[in-house]
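Undergrad: Can you make the complete structure from the sequences, with help from the hints?
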Amino acid sequence: GESVGLHLPTLSVQEGDNSIINCAYSNSASDYFIWYKQESGKGPQFIIDIRSNMDKRQGQRVTVLLNKTVKHLSLQIAATQPGDSAVYFCAENFSGGYQKVTFGTGTKLQVIP
Amino acid sequence: DSGVTQTPKHLITATGQRVTLRCSPRSGDLSVYWYQQSLDQGLQFLIQYYNGEERAKGNILERFSAQQFPDLHSELNLSSLELGDSALYFCASSVDTTNEKLFFGSGTQLSVL
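In order, the protein sequence lines correspond to chains A and B.
Counting in my numbering, the first sequence runs from 334 upward without gaps.
Counting in my numbering, the second sequence runs from 278 upward without gaps.
Hints are all accurate, no fakes.
Computed list of chain B residues with no C-beta within reach of chain A, every gap over 12 angstroms:
| no. | residue |
| --- | --- |
| 1 | Ala291 |
| 2 | Gln344 |
| 3 | Phe346 |
As a list, the in silico DMTMM-like pairs of lysine to aspartate or glutamate whose alpha-carbon atoms are at most 25 angstroms apart:
| no. | chain 1 | residue 1 | chain 2 | residue 2 |
| --- | --- | --- | --- | --- |
| 4 | A | Lys441 | A | Asp382 |
| 5 | A | Lys441 | B | Asp278 |
| 6 | A | Lys441 | B | Glu377 |
| 7 | A | Lys404 | B | Glu377 |
| 8 | A | Lys375 | B | Asp278 |
| 9 | B | Lys378 | A | Asp364 |
| 10 | B | Lys378 | B | Glu352 |
| 11 | B | Lys334 | B | Glu359 |
| 12 | B | Lys378 | A | Asp382 |
| 13 | A | Lys441 | A | Glu348 |
| 14 | B | Lys378 | B | Glu330 |
| 15 | A | Lys401 | B | Glu377 |
| 16 | B | Lys378 | A | Asp417 |
| 17 | A | Lys389 | B | Glu377 |
| 18 | A | Lys441 | A | Glu372 |
| 19 | B | Lys286 | B | Asp306 |
| 20 | A | Lys375 | A | Asp417 |
| 21 | A | Lys375 | B | Asp306 |
Simulated from the structure, these hints should not be mistaken for lab results.
Bear in mind the structure is a predicted one, so any value in this text is a computation, not a measurement.
Even for Gly, the Cβ is constructed at its ideal location relative to N, Cα and C.
TA: Shown next as structure tokens:
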């Protein structure tokens, strides 16, 4: 069935460097993708989203890239800060039906001061 | 603060027991979703309700059930609890059924002893 997976379970980054978190998805019908951040003891928090008619979308210090050809999604965090330390989940959805949002297993980002 | 309220925050119970988790969605949101998150695991979709009706079902056990009330709050009932049911249970809400931009509560930590 459909699945969303992440390449790296843990990523350690020096403070101030850029972080790149990758995600692969398998459902070619998915047309909406979301990145969530989950800090310890909290629920996932929406970061940024992108629709399948776009390749790139930028937010504040974050950029999401979508490559539909290889079904790959990435989240780039510029100038990583200690407050960025969290688990990041990508999620996919097909907005044309009642399909549930499918989450990947998550990548833990550790920012080294 | 996401605007989604979950109670209780922590729940400790014994095997074989039954518990009820409660969720109040964001004001104006008609859809409620329940997710289970075990240690070091991703978010597993359980069930979705929209305006009082079940809309999508994930890998929810028969021992688990949920409902959404006319005031749109939702309850997740877990019965005949087993040790393996220990997990974080998240509720999320969204405006409609397109599953876009889920807003998560802080979760209920269930410990079955």
